[in-house]
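Chain by chain, the residues run as shown.
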Amino acid sequence: MALTGKAGEFFDETGRIARFAGRFFTMGLKPRYEIRELLTQCFIIGYKSLPLIGLTGFIMGLVLTIQLRPSLTAYGVESELPVMVGIAIVREIGPVITALIFAGKIGSSIGAELGSMKVTEQIDAMEVSGTNPFKYLVATRIAASTLMLPVLTILGDAISMYGAYIGVNIRSVTSFHLFFSQIFNSLSFGDLAPAVIKTFFFGFAVGLIGCFKGYNSSKGTRGVGSSANSAVVLSSVLIFIIDFLAVQLTDILGLNY
Amino acid sequence: MLSKKETPAITDTSKNSGEDVIVVEHIYKRFGTNIVLEDFNLVVKREENVVVLGKSGAGKSVLIKCIISLLKPDKGRILVFGENVPELNHDELDRIRAKIGFLFQGNALYDSMTVRENLEFPLRRHWIDFSQKDVDALVMDALENVGLTHTVDMMPEELSGGMLKRVALARTMILKPDVILYDEPTTGLDPVTAREIDNLIIKLQKKYQTSSIIISHDMNCVKNTADRVVLLLDGKCYIEGAYEELERSNDEKIKQFFE
Ligand SMILES: Nc1ncnc2c1ncn2[C@@H]1O[C@H](COP(=O)(O)OP(=O)(O)OP(=O)(O)O)[C@@H](O)[C@H]1O
Ligand SMILES: [Mg+2]
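Chain order of the listed sequences is A and B. Its first residue numbered 12, the first sequence is counted upward by one per residue in the working numbering. Its first residue numbered 27, the second sequence is counted upward by one per residue in the working numbering.
In case anyone wonders, no lab produced these hints; they're calculated from the structure. Since the model is a prediction, treat every value here as computed from it, not as a measurement. Take the hints with a grain of salt, since some may be wrong.
Unchecked claim - Among chain B residues calculated to face chain A with C-beta under 10 Å, some are:
no., residue
1, Lys91
2, Ser95
3, Leu96
4, His116
5, Leu119
6, Arg121
7, Ala124
8, Ile126
9, Gly127
10, Phe130
11, Gly132
12, Asn133
13, Leu135
14, Pro148
15, Arg151
16, Leu201
As the list claims (entries may be wrong) - Selected chain A positions facing chain B (Cβ under 8 Å, derived; list incomplete):
no., residue
17, Thr131
18, Glu132
19, Gln133
20, Asp135
21, Ala136
22, Glu138
23, Val139
24, Ser140
25, Gly141
26, Thr142
27, Asn143
Backbone N, C-alpha and C define an ideal beta-carbon position, used for all residues, glycine too.
The whole structure should be built from the sequences, with the hints applied where relevant.
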């Protein structure tokens, strides 16, 4: 029985995204590499998102600490505050918030950029100039966001912890050294590795969806706007789905204890 | 006044690959239920400017996009330099495309790059090795042809519509292609600039022995540049012949274009 309506559309879209991803692995990863464009994109995607991610990370660490303190005080384990915040940031809040901000900033800009290049025939112009636009535009952006999001997450985590350090010091006094040694003593491989690995997938999802939506944009300004918009929506949802799958996986592997 | 080559009203399609640069044979193209090209035929000989006339939406842009393989025809053969374009692989296509210039109807300039980078793009991409000095010389030479050397470091957004068209034209011809496909080269330009573009097209044809297909609604441009005019109607080649022949025609459908 043929699927119709929304369900049919959903599976159709899913299939097209899967094929687009397949094209990235079969075509995008083969040589002639577009190294220069890849580095440019890493700069744009990575470096230019840093201030935003730094700011949000800092505030998050600070606020989280302030919010957690009363509960911990009630149970008389206020001294565990740095450990509590550190684990929350590294395992979950750092990767997910960074990825969501990243999706909002990078997913939409890739979607809009490729979308407007598509409708003004710039992508066709590249093709007739002896350039494979999929490699030049799509593969480089997917690769750059896959590589940059983990780096941004680690930097974001660090800034977040600094925010937490300030948060702790609002009501009590802890030395910088004590604060961080307390956090690092409590963190294990099981906390760090899965958290970093999943950010590669988050980055891949944001790059893939942004490129997919832009590259298949329909004509007109509305087409460009809606590809930018749906790139953010879809990649944000995907981030949560991947996060959910990741936690199941680490649970099965026994890394959550 | 330009001397125009005498061409027979109906070109005989006997194949002579040395002479025929582009041969379009029985191509069909449809989008869903919208039939755009239906058994269309066209031959472009060496050093010939062929103008394709047709109403808006007739499928003129689709036709030249099929020739450069941005679109694939549903059926039929398209020979460019004797090679069947729809059947070529990526590398073979790139080799052919390096010899074809394509002017897009909407210019298609890269809006994130300066004029210089726009012009350098095809030079750097096709696998021909140019030194930086050659690249600079070619860029300035191409801009000089269209009278825009002073815009070299500007962004496309800083240029007027007519200037954009001329920059796009400079980019199209920077590789000195053997074949140029012009999609409405003079639309939206003032008569003086339009005339300059016409002259440029003719100059290029003489200087580099280019062959071209020109899509145009501008009857001055058609009159100036055409060695032969092809009328695309209902997906078919309705008639072809020299400008004067078509102008004299009594057929209602042809007359519409010459009023
Ligand atoms: N990519 C596409 N997908 C679907 N339909 C298309 C596509 N490209 C062109 N068409 C359709 O093909 C027909 C011919 O379009 P084309 O752009 O060739 O017209 P044209 O002759 O160049 O007109 P104009 O003079 O206005 O530029 C139109 O009906 C258009 O809707
Ligand atoms: Mg057109």
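Do the hints match the structure? See the list:
Below 10 Å, beta-carbon pairs count as interface contacts, and lysine 91 of chain B has one with chain A at about 8 Å; its hint therefore holds. Interface hint at serine 95 of chain B: satisfied, since its Cβ lies 9 Å from the closest Cβ of chain A, which is below the 10 Å cut-off. Interface restraint check for leucine 96 of chain B: the shortest CB-CB distance to chain A comes to about 5 Å, inside 10 Å, so the restraint holds. With a least beta-carbon distance of about 7 Å to chain A, the hint placing histidine 116 of chain B at the interface is held under the 10 Å criterion.
With its C-beta approaching chain A no nearer than about 9 Å, leucine 119 of chain B sits inside the 10 Å limit, and its interface hint holds. For arginine 121 of chain B, the shortest C-beta to C-beta distance to chain A is roughly 9 Å, which falls under 10 Å, so the interface hint holds. Restraint check, alanine 124 of chain B versus chain A: the minimum CB separation of about 6 Å is within 10 Å; hint holds. With a cut of 10 Å, the hint placing isoleucine 126 of chain B at the interface with chain A holds, because the nearest CB-to-CB distance is about 7 Å.
The beta carbon of glycine 127 of chain B is positioned within 10 Å of a beta carbon in chain A (closest approach about 9 Å), and the interface hint is therefore held. Because the beta carbon of phenylalanine 130 of chain B sits about 5 Å from the nearest beta carbon in chain A, less than 10 Å, this interface hint is met. Proximity of glycine 132 of chain B to chain A holds as hinted, the smallest CB-CB distance being about 6 Å (cut-off 10 Å). Checking asparagine 133 of chain B against chain A by beta carbon gives a least distance of about 8 Å; that is within 10 Å, so the hint holds.
At its closest, the beta carbon of leucine 135 of chain B sits 7 Å from a beta carbon of chain A; the interface hint therefore holds under the 10 Å criterion. Checking proline 148 of chain B against chain A: minimum C-beta separation of about 4 Å stays under 10 Å; hint holds. Proximity of arginine 151 of chain B to chain A holds as hinted, the smallest CB-CB distance being about 4 Å (cut-off 10 Å). Because the closest C-beta pair between leucine 201 of chain B and chain A is about 9 Å apart, less than 10 Å, the hint holds.
Of the supplied interface hints, the one on threonine 131 of chain A holds, with its beta-carbon coming within about 6 Å of a beta-carbon of chain B, less than 8 Å. Against a cut-off of 8 Å between C-beta atoms, the interface hint on glutamate 132 of chain A holds, since the closest Cβ of chain B lies about 4 Å away. A hinted interface residue such as glutamine 133 of chain A counts as satisfied when its beta carbon comes closer than 8 Å to some beta carbon of chain B; here the least separation is about 5 Å, so the hint holds. Because the smallest distance between the Cβ of aspartate 135 of chain A and any Cβ of chain B comes to about 5 Å, under 8 Å, the interface hint for this residue holds.
Because the smallest distance between the Cβ of alanine 136 of chain A and any Cβ of chain B comes to about 4 Å, under 8 Å, the interface hint for this residue holds. The interface hint given for glutamate 138 of chain A is met, as the beta carbon of that residue sits about 6 Å from the closest beta carbon of chain B, less than 8 Å. With 8 Å as the threshold, the beta carbon of valine 139 of chain A comes within range of chain B, its nearest partner Cβ sitting at about 5 Å, so the hint holds. Hint on serine 140 of chain A holds. Least Cβ distance to chain B is approximately 4 Å, under the 8 Å limit.
Restraint check, glycine 141 of chain A versus chain B: the minimum CB separation of about 4 Å is within 8 Å; hint holds. With 8 Å as the threshold, the beta carbon of threonine 142 of chain A comes within range of chain B, its nearest partner Cβ sitting at about 5 Å, so the hint holds. This hint holds: asparagine 143 of chain A has a C-beta 7 Å from the nearest C-beta of chain B, less than the 8 Å allowed.
In this structure, every one of the numbered hints holds.
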